[in-house]
Amino acid sequence: MAESLGRLITDLGERTLYDAVSQCSRCGYCEQACPTYVATGDESKSPRGRNQIVRLMLEKKLDDPKAAMEALTTCLTCGACTTACYAKVPVVDIVLEGRRLLRGETHWLVKAVCRIMVTSPRLFAVLLKIGFLLKKSGLSALGRPFLRAAGLSVLASMDEHTTESPFWNLDDLTHKRENPESPAYRYFAPCGPRYLFPRVGVATLSALDELKGKGAYLDNPCCGLLAHNYGDLSVARELAKKNIEHAEKSGTEQIVGDCSSCVAHLKTYPQLFLKPEDQEWRTRAESFSKRVKDAVELYGECADKLPSAVAEGVETTYHDSCRAINPQGIKAQPRLAAKKAAGASYCEMAGADACCGGAGAFAFVNEDLSDDLLKKKVGNAAAVQAEVVLTSSTSCLIQLARGFRKYYPDAKVLHLSEFVDGALKKTHGA
Amino acid sequence: MRLDELRAQVAPGSLRSEPAELAVYSYDGALARARPDAVLLASGAADVRRAVIWCGENGVPFIARGAGTNLSGGCIAVKGGLVISLARLNRILSLDVAGRVACVEPGVVNLDLQKEAEKVGLFYAPDPASFRVSTLGGNAAENAGGPRCLKYGVTTNHVLAAEAVMPDGTLARFSQADDGPELLSLLVGAEGTLGVLVKLWLKLTPLPEDTRTILAGFPSIDAAVACVSAIIAAGVLPRALEAMDRPTVESVEVGRSLGYPKDPAILLIELDGPAAVCAREAAEVERLCAESGATTVRAATDPVERERLWEGRRGAYAALARLAPNVLVEDGVVPRDKLPDIVRRIQEIAAKHRVKAYLLFHAGDGNIHPNIAYDERDAEETGRVKAAGHEMLQACVELGGSLSGEHGIGLDKRDAMAWLFSDETLKLFHRVKDAVDPAHLANPDKLFPVAGKAATGRSFLRPPSGALSEYAKLLVDKVSSSPGASFRVRGASTRWKDETPAGAVELLTTGLGRIADLDKRNFTLTVETGVSIHALQRELEIQGVFVRLPKSGGTVGGLLATRPWPGLREDILGMRVLLSNGDVVELGGKVVKNVAGYDLSRLLLGSWGTFGVILEVTMKLHARPVETPSSLAPASPPKPSLWASRVRKAFDPDGRMNPGLGG
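Sequences listed follow chains A and B, in order.
Read left to right, the first sequence gives residues 0 to 429 (numbering that gives the first Met the number 0).
Read left to right, the second sequence gives residues 0 to 662 (numbering that gives the first Met the number 0).
No lab work stands behind these hints, which were simulated from the structure alone.
Any given hint could be a false lead.
Pairwise CB distance ranges, derived in the manner of DEER restraints [unchecked claim]: (1) 10(A) - 353(B): 21 to 31 Å; (2) 12(B) - 10(A): 28 to 38 Å; (3) 12(B) - 382(A): 23 to 33 Å; (4) 12(B) - 106(A): 17 to 27 Å; (5) 42(B) - 289(A): 43 to 53 Å; (6) 246(B) - 382(A): 38 to 48 Å.
With a cut-off of at most 30 Å between alpha-carbon atoms, the simulated DSBU-like pairs for lysine-lysine come out as follows [what the hints assert, rightly or not]: (7) 175(A) - 240(A); (8) 374(A) - 114(B); (9) 78(B) - 198(B); (10) 59(A) - 87(A); (11) 338(A) - 118(B); (12) 118(B) - 375(A); (13) 648(B) - 496(B); (14) 198(B) - 374(A); (15) 118(B) - 330(A); (16) 289(A) - 241(A).
All C-beta atoms, glycine included, are put in the ideal place defined by N, C-alpha and C.
Using the sequences plus the hints, can you model the full thing?
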């Protein structure tokens with residue numbers, strides 16, 4: 000059994016895991032919000048069902064770890080259920096706790112990656128470059144069967160799902176950037192924009208510099224979400240502490256990230272420090288989290304500074320990243336920005352707030368279910384004849400790019416940063 | 000249990016029996032839990048049939064389940080067995096815009112139909128609070144209501160036809176248009192105890208041109224209820240007439256301000272219809288509110304402002320759900336004018352059991368929801384909450400009301416049925432169940448007190464009905480004193496004029512000439528069935544009220560028994576019926592919203608006297624004339640259908656009532 004949090008910060012206050020899960024009254028009002036329930040009609044793949052499974056595990060009334068694990072691993076952790084829930088039962092946290100209770104040893108690969116993230120991010124960057132070279136040369140595709148045979152089908156799927164293999168990562172690209180004395184904001188480089196989509200990071204920096212004033216690019220550690228969701232909490236805590244210390248070195252400016260999953264995680268750092276002995280870290284985490292902003296929130300706040308309708312003529316829609324809309328409640332802000340720049344070409348698609356099936360590692364381990372959700376999403380985008388679909392999370396970028404490649408090549412996915420930056424540059428003639 | 004036999008017949012992976020899977024099908028939205036032995040995620044009606052046949056062969060109970068949001072323990076497997084989940088049967092099969100009919104599978108979510116209907120300018124009227132998640136099959140099985148049912152009627156008023164897998168594994172179709180007894184209404188609201196609904200034809204309604212919302216604050220519940228009665232008496236039928244008490248408003252106002260008046264009672268009144276009518280009615284309602292002593296009246300027409308007025312009502316359950324892990328959403332009905340009494344009783348009962356009841360009610364139809372927040376993990380508290388809930392229901396029954404307006408009886412209230420129905424009526428319910436499901440495999444041990452087990456608590460609390468008239472007593476005596484005889488029930492012989500067969504005892508109903516109760520506060524009428532329709536309508540006209548009966552010769556009873564117009568069903572609330580064994584059973588009641596037990600009153604429509612003699616009928620009244628057909632098709636006795644014959648045996652096992660007339 001992996002270490003678990005035991006206590007959670009819920010909408011109703013701090014609660015033990017058991018109290019948090021018992022707040023679910025089984026009313027079932029979450030069911031239709033849950034993409035996996037809607038896709039399968041199976042109660043064990045619903046938020047209510049997952050809550051009950053964890054509750055019964057805690058009450059020692061359920062001895063079926065295999066089926067329980069199946070129910071919990073098929074959760075996308077999108078959090079749409081909590082948004083629908085009257086009592087805001089924190090199902091995602093409950094599911095993650097349930098997985099920790101059921102999990103024996105953390106998988107060696109996850110452990111190794113997490114370790115590298117903590118001790119030597121540089122090595123991680125180098126390893127990725129080697130991986131990307133293999134991908135460019137086509138060797139990785141040939142290697143997929145071997146990876147699958149070696150029990151590493153996750154790696155094979157990851158390779159299969161994305162076409163990105165940038166040689167220069169965001170650190171390389173911002174090498175020459177000079178940070179101002181008192182930056183207008185502090186850019187948090189999430190691993191996605193940093194290593195896989197450096198163009199997104201570049202766009203975020205450029206757009207925010209324009210809208211907020213020059214910001215700082217500081218070499219931050221990984222946020223620890225990977226360790227939090229799939230690995231060991233001790234590692235997640237270590238990375239959180241590193242980040243808090245790292246941010247405390249500078250002033251009190253906003254910390255802005257451009258992957259909603261990481262940003263949402265940064266905002267929940269206090270939950271990692273609920274033990275009495277962690278009181279000091281809890282306080283520090285609380286001040287840290289208060290500084291964190293999702294880049295798309297800022298675009299909304301600055302929407303009036305964006306040029307009007309410069310991107311008109313290209314049908315544009317918005318896909319909510321789950322970790323933006325559900326835990327962070329970000330819905331209106333990105334749309335304000337997108338509508339301002341796209342003008343009459345902005346259209347809302349049906350089910351914009353439904354998960355695309357990306358959801359971190361979900362797409363690599365639950366491929367069929369993920370594909371069902373993806374097809375639905377692509378269908379909704381196609382129904383409004385979208386050419387550009389905007390979003391805010393790395394997982395969505397990978398998943399939607401794959402979906403459009405596969406099912407609807409007329410559309411492409413962009414991070415809202417890329418869109419906003421493009422709009423700003425257009426008026427400046429860049 | 001030979002599960003493998005069934006597994007081989009259904010899609011791979013759709014029959015589940017892992018402990019974790021059974022655990023998540025062991026509950027619904029209520030408190031009780033019971034694990035089934037297996038769960039079938041049916042992928043079509045054919046699967047349902049295979050499963051029901053397999054259950055029959057193996058003596059395994061089966062329980063149909065939609066979204067599992069039931070609030071009375073209706074879809075849990077109390078006797079184990081197979082849960083048949085219909086969640087995957089979720090296609091809207093057709094939507095006939097011109098005919099305003101949707102044909103759906105039972106797993107379609109209510110909201111999904113609403114969305115599709117709205118695209119073509121229509122809506123589906125029943126709107127239970129769970130409409131975002133609950134399924135149409137579940138809604139039909141429970142005969143769900145919702146705020147809009149005051150004007151538009153509950154689910155049974157919107158089910159035009161249904162296909163069901165019957166307990167013997169056959170597929171049967173029932174329609175309002177069928178000849179003979181109205182079997183369709185027997186299936187709707189039967190909570191899955193008579194078969195599994197696998198296809199529904201539902202009535203859609205044109206979207207209104209205009210909607211207006213009025214919020215009014217009153218110095219007391221009594222004043223608010225008086226206002227509700229005044230609105231209905233004025234002939235205004237709002238699409239919603241909701242009330243809430245001050246503690247409920249306060250619970251929503253934690254951390255935010257709704258801008259609601261601080262009065263002890265709030266009414267939310269929503270009107271819809273053509274713009275001109277809406278405007279006129281709104282003015283009328285505002286005037287009536289002021290006359291009834293409203294301290295504040297606010298009106299809104301634009302959607303944003305209207306939504307703001309609704310915020311407190313819509314946020315109420317959410318607010319209560321945050322007070323504690325569990326909320327008992329009790330569901331009782333009383334005649335509308337008894338609302339102030341039931342509120343006082345509820346408050347006394349809550350105080351006695353040291354619980355806090357938050358009151359929300361569909362005031363227009365006397366349906367009250369006392370809500371009590373608690374933590375099920377505290378056994379002592381849970382005990383007090385349950386006891387309080389039960390006493391509140393007893394109070395409803397004592398005031399002439401019913402046990403449930405829209406949540407169903409299920410498991411939680413099955414024993415309470417003995418408070419409401421006489422032994423004779425309960426026995427009839429059991430016989431109906433036996434006739435349709437002799438092996439008791441369809442959702443067993445629900446809806447009625449379990450045979451052989453003593454009823455808990457006090458029994459039979461319903462206030463005595465008016466005594467039978469002298470003439471009715473005469474008919475009862477005649478039947479009781481003629482064991483073995485066959486009877487010919489006859490009204491004015493307007494619709495059917497055959498001779499009484501030799502040897503048969505004639506039961507002439509024309510002497511049943513009494514208007515037993517004309518209640519202009521509640522707008523209900525109880526009338527003996529020998530009354531001529533002309534005479535009744537003349538009398539009602541003098542009183543300034545109207546009834547949904549077409550202008551026609553003959554008696555009320557003759558019209559109901561021959562059912563020449565399906566619309567007769569809409570306003571039927573209850574009946575008193577004389578059976579061939581001499582029992583007089585009382586079906587339904589005087590309340591306008593009632594889901595306690597099988598809907599046998601509607602079943603008797605079109606039964607041609609072959610089920611029993613309808614002595615009295617209770618119907619809704621209207622303050623304005625109701626549209627009815629100007630001429631009726633001539634009637635002739637129906638050809639007996641298989642299920643009609645089986646159900647008839649529950650009423651008249653030896654076929655002594657009107658033999659030869661379609662029995």
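Tested hints:
{"no.": "1", "hint": "10(A) - 353(B): 21 to 31 Å", "result": "holds (28 Å)"}
{"no.": "2", "hint": "12(B) - 10(A): 28 to 38 Å", "result": "holds (36 Å)"}
{"no.": "3", "hint": "12(B) - 382(A): 23 to 33 Å", "result": "holds (31 Å)"}
{"no.": "4", "hint": "12(B) - 106(A): 17 to 27 Å", "result": "holds (26 Å)"}
{"no.": "5", "hint": "42(B) - 289(A): 43 to 53 Å", "result": "holds (50 Å)"}
{"no.": "6", "hint": "246(B) - 382(A): 38 to 48 Å", "result": "holds (46 Å)"}
{"no.": "7", "hint": "175(A) - 240(A)", "result": "holds (28 Å)"}
{"no.": "8", "hint": "374(A) - 114(B)", "result": "holds (21 Å)"}
{"no.": "9", "hint": "78(B) - 198(B)", "result": "holds (26 Å)"}
{"no.": "10", "hint": "59(A) - 87(A)", "result": "holds (25 Å)"}
{"no.": "11", "hint": "338(A) - 118(B)", "result": "holds (25 Å)"}
{"no.": "12", "hint": "118(B) - 375(A)", "result": "holds (20 Å)"}
{"no.": "13", "hint": "648(B) - 496(B)", "result": "holds (25 Å)"}
{"no.": "14", "hint": "198(B) - 374(A)", "result": "holds (28 Å)"}
{"no.": "15", "hint": "118(B) - 330(A)", "result": "holds (25 Å)"}
{"no.": "16", "hint": "289(A) - 241(A)", "result": "holds (17 Å)"}
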